[in-house]
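**Student:** One-letter residues, chain by chain:
2 protein chains.
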Amino acid sequence: MTSGRRPTLEAVAARAGVGRGTVSRVINGSPKVSPEAREAVLRAIDELGYVPNRAARALVTRRTDTVALFVSESEERVFGEPYFAGIIRGISAGLADTGLQLLLVIAQSEEEHARFERYLTGQHVDGVLLISLHGGDPLPRHLEENGVPTVLGGKPVGVVPVSCVDADNRGGARQAVEHLIGLGRRRIATIGGPQDMQVGVDRLDGYHDALAAVGLTGPVVHGDFSEESGERGMLELLAREPALDAVFAASDPMAVGAMRVLKERGVHIPREVAVVGFDDSSIARHTDPPLTSVHQPLEAMGREMARLLVARIRGEEIDRPVVILDTHLVARASSLGNGRSGAH
Amino acid sequence: MTSGRRPTLEAVAARAGVGRGTVSRVINGSPKVSPEAREAVLRAIDELGYVPNRAARALVTRRTDTVALFVSESEERVFGEPYFAGIIRGISAGLADTGLQLLLVIAQSEEEHARFERYLTGQHVDGVLLISLHGGDPLPRHLEENGVPTVLGGKPVGVVPVSCVDADNRGGARQAVEHLIGLGRRRIATIGGPQDMQVGVDRLDGYHDALAAVGLTGPVVHGDFSEESGERGMLELLAREPALDAVFAASDPMAVGAMRVLKERGVHIPREVAVVGFDDSSIARHTDPPLTSVHQPLEAMGREMARLLVARIRGEEIDRPVVILDTHLVARASSLGNGRSGAH
DNA sequence: TGCGGGCGAGAGAGCGCTCTCGGCGCCCCG
DNA sequence: CGGGGCGCCGAGAGCGCTCTCTCGCCCGCA
Chain A
0 MTSGRRPTLE
10 AVAARAGVGR
20 GTVSRVINGS
30 PKVSPEAREA
40 VLRAIDELGY
50 VPNRAARALV
60 TRRTDTVALF
70 VSESEERVFG
80 EPYFAGIIRG
90 ISAGLADTGL
100 QLLLVIAQSE
110 EEHARFERYL
120 TGQHVDGVLL
130 ISLHGGDPLP
140 RHLEENGVPT
150 VLGGKPVGVV
160 PVSCVDADNR
170 GGARQAVEHL
180 IGLGRRRIAT
190 IGGPQDMQVG
200 VDRLDGYHDA
210 LAAVGLTGPV
220 VHGDFSEESG
230 ERGMLELLAR
240 EPALDAVFAA
250 SDPMAVGAMR
260 VLKERGVHIP
270 REVAVVGFDD
280 SSIARHTDPP
290 LTSVHQPLEA
300 MGREMARLLV
310 ARIRGEEIDR
320 PVVILDTHLV
330 ARASSLGNGR
340 SGAH
Chain B
0 MTSGRRPTLE
10 AVAARAGVGR
20 GTVSRVINGS
30 PKVSPEAREA
40 VLRAIDELGY
50 VPNRAARALV
60 TRRTDTVALF
70 VSESEERVFG
80 EPYFAGIIRG
90 ISAGLADTGL
100 QLLLVIAQSE
110 EEHARFERYL
120 TGQHVDGVLL
130 ISLHGGDPLP
140 RHLEENGVPT
150 VLGGKPVGVV
160 PVSCVDADNR
170 GGARQAVEHL
180 IGLGRRRIAT
190 IGGPQDMQVG
200 VDRLDGYHDA
210 LAAVGLTGPV
220 VHGDFSEESG
230 ERGMLELLAR
240 EPALDAVFAA
250 SDPMAVGAMR
260 VLKERGVHIP
270 REVAVVGFDD
280 SSIARHTDPP
290 LTSVHQPLEA
300 MGREMARLLV
310 ARIRGEEIDR
320 PVVILDTHLV
330 ARASSLGNGR
340 SGAH
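Chains as they are written, first to last, in numbering that gives the first Met the number 0: chain A, 0 to 343; chain B, 0 to 343.
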């Protein structure tokens with residue numbers, strides 16, 4: 000099988016009885032090739048099992064046909080739950096017929112982060128996708144300054160990004176709280192996410208939006224999206240406002256933590272306190288009772304990120320640099336009556 | 000920032016007042032460089048912010064310093080749950096200081112599968128990691144025949160692989176069933192996985208091992224690892240053997256499906272029927288009751304895959320081509336008494 | 001003082017591709 | 001029948017690196 004070395008463009012040219020240039024044109028789909036020549040070249044390629052050498056091509060074109068998905072992993076939560084898998088799958092689908100390869104870069108430490116920053120700015124990839132950025136990370140700015148197109152997954156705090164895809168966190172939170180209001184709840188608390196992350200801010204804003212619309216307010220505590228912080232938050236809320244009748248948690252794990260505390264206290268869910276989470280992670284369907292949660296279109300987000308990046312790499316005009324995709328509420332028994340869980 | 004073009008080796012050589020060869024030697028850690036020259040080169044590299052061009056290097060060395068993680072995605076389940084994330088994270092960690100980059104290849108269709116096979120055999124990567132292979136997929140054989148080192152995650156059916164990392168599925172299943180036996184259960188059924196996958200076969204073997212050791216047998220049905228198939232399997236088991244007192248499901252989702260059926264029938268878990276799953280996925284902690292399950296060391300498996308592949312790429316002798324990592328049971332309330340859930 | 005050995009450095013070739021350019025034929029129009 | 005274009009093609013250069021080979025220098029030994 001491995002006949003010494005792989006066939007080169009030269010070998011294909013020789014076999015097809017044409018010059019290298021012609022073979023190159025055929026491969027790159029140039030129209031300036033006669034049908035006969037094209038035919039001969041294609042046959043030769045097929046017979047030899049020729050596959051172009053990417054390195055050689057990259058060397059001269061200064062394009063690598065590779066984009067990196069950069070995940071900063073100091074934050075454990077990223078990898079948990081469907082978030083990561085869903086996004087990746089969308090990205091992969093969005094890249095599928097573009098000829099671009101996906102390089103997965105996971106920076107597990109601070110130095111690795113720095114090392115990869117160097118790597119990414121050093122002509123090794125045509126573009127970068129960033130997810131789960133820490134607040135104020137200068138990486139996207141550095142990349143853009145070095146001419147590397149970058150698309151963010153999730154809005155960064157403060158700065159307006161060149162291009163970014165996010166779920167409608169604010170709208171989703173609003174929906175969640177409106178849902179609770181619609182069920183007759185009036186003392187609605189929230190366990191918010193970290194306020195140094197835009198996603199935490201947005202979900203809290205949505206909560207306030209919905210309450211303000213009907214002239215309500217409610218107690219607010221903050222967690223870090225983890226189950227433990229949900230427990231702590233719930234304890235604090237119960238201490239502060241024993242009469243609350245609903246809790247909106249800015250993440251599913253926090254909602255799970257909150258539910259645990261409520262159950263331990265003998266508080267019935269949803270009769271006494273309704274609970275809503277955010278993310279519609281796989282655990283939401285399996286808690287007791289099943290957790291009402293806000294669903295994000297992860298795969299679509301990934302696909303959209305890929306689409307934006309490809310457009311930018313190709314130098315096309317970007318219509319909207321920031322894309323916000325709709326979220327929707329999945330109502331389950333943790334907020335609905337004791338009965339069947341509905342969906343959508 | 001982007002001053003026209005990135006500095007080349009030539010530029011570094013000029014600035015350091017040496018020849019290209021010397022710079023190359025410094026970069027590649029050759030000992031045949033005088034301290035002064037090395038010093039000068041390093042300073043020049045630093046001042047210019049030089050980053051070697053991988054494509055140029057790959058062209059001449061015929062190594063790409065890239066390995067691919069190939070995931071065949073016809074099988075939905077791969078991406079779900081922690082399996083994928085855990086493995087990836089281990090692989091990434093195992094690759095971290097090898098200088099190798101990780102290319103993520105997700106084949107979502109049959110043609111993509113074929114296309115990537117061509118790509119991977121075509122000198123674009125130094126090695127390939129394969130997870131979740133379909134029974135009898137010829138890909139690993141083709142890769143090895145083309146001189147591409149390949150490491151499998153999970154044993155393939157039939158053939159003996161060159162190198163492969165797997166969890167001790169058989170031992171884990173045995174532990175699970177022994178656990179049930181130890182709790183006094185005697186009519187232990189199983190919902191097995193698909194028998195065209197080695198993992199399904201192994202878990203079923205482990206089940207039989209444990210029962211045979213105490214002279215028991217039990218009813219067996221088969222599912223496809225999905226929740227629905229777990230429901231179907233449970234219904235069939237109940238019809239066949241109404242008096243059973245324990246079920247070992249070969250996957251967590253199947254266990255969840257089984258528990259749902261039992262609850263609907265008003266069967267108490269674990270008093271009347273104990274349930275054990277496999278994978279210790281995140282849902283296991285959140286079901287009602289929490290699910291006893293067999294834990295696999297996903298991150299260690301990923302790291303081991305990376306280690307094996309790197310060794311093979313470097314041409315080192317492989318001690319054990321097939322690595323089986325231990326699993327352990329995490330006992331929770333679905334098998335233990337009604338009380339607290341233990342661990343480990 | 002002369003010479004050989006060894007170590008460090010530089011020049012040159014070439015990896016496989018793309019891209020530019022000049023040329024060769026052919027067609028069309030004058 | 002001749003000339004100008006146009007369509008297609010091949011030759012050549014060169015992308016940035018590694019690697020080999022040769023050369024020069026310094027040191028030690030006779």
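Everything labelled a hint here was simulated from the structure, so no lab data went into it.
Note that this is a predicted model, so its numbers are computed, not measured.
Just so you know, even glycine gets a beta-carbon here, dropped at the ideal spot from N, CA and C.
Mixed in with the good hints there might be a few duds.
[Claimed, not checked] Covered, in the sense of this in silico footprint (three residues per stretch, anywhere, with C-beta under 8 Å from a C-beta of chain A), are these stretches of chain B:
id, region
1, 21-27
2, 113-127
3, 260-270
[Stated by the list, open to error] Ranges between beta-carbon positions, derived for each pair:
id, chain 1, residue 1, chain 2, residue 2, range
4, B, Gly181, A, Asp208, 52 to 60 Å
5, B, Asp45, A, Glu109, 17 to 25 Å
6, B, Gly181, A, Gly265, 32 to 40 Å
[To be verified] Negatives, chain A to chain B, calculated, CB over 12 Å:
id, residue
7, Ser29
8, Glu72
9, Ser162
10, Gln194
11, Asp287
**Student:** A separate judgement is required for each hint: does it hold in the structure or not?
**Tutor:** Results of checking the hints against the structure:
Under the rule that three or more residues need a Cβ within less than 8 Å of chain A, the assignment of the region 21-27 of chain B is violated, with 0 such residues. Figure legend: the region 113-127 of chain B, annotated as covered by chain A; annotation consistent (6 residues with Cβ-Cβ distances under 8 Å, at least 3 required). Counting residues of the region 260-270 of chain B whose beta carbon lies closer than 8 Å to any beta carbon of chain A gives 0, which falls short of the minimum of three for the stated coverage. A hinted range of 52 to 60 Å for the beta carbons of Gly181 (chain B) and Asp208 (chain A) is consistent with their spacing of about 55 Å.
A hinted range of 17 to 25 Å for the beta carbons of Asp45 (chain B) and Glu109 (chain A) is consistent with their spacing of about 20 Å. Here the CB-CB span from Gly181 (chain B) to Gly265 (chain A) is close to 33 Å, well matched to the stated 32 to 40 Å. The claim that Ser29 (chain A) lies off the interface holds: its Cβ sits roughly 22 Å from the closest Cβ of chain B, which is beyond the 12 Å cut-off. With 12 Å as the threshold on Cβ separation, the claim that Glu72 (chain A) sits away from chain B is violated: the shortest Cβ distance comes to roughly 8 Å.
For Ser162 (chain A), the requirement that its beta carbon stay farther than 12 Å from each beta carbon of chain B is met, with the minimum near 19 Å. No beta-carbon of chain B is positioned within 12 Å of the beta-carbon of Gln194 (chain A); the least distance is around 26 Å. Residue placement check: Asp287 (chain A) does not keep its beta carbon more than 12 Å from all beta carbons of chain B (closest about 4 Å).
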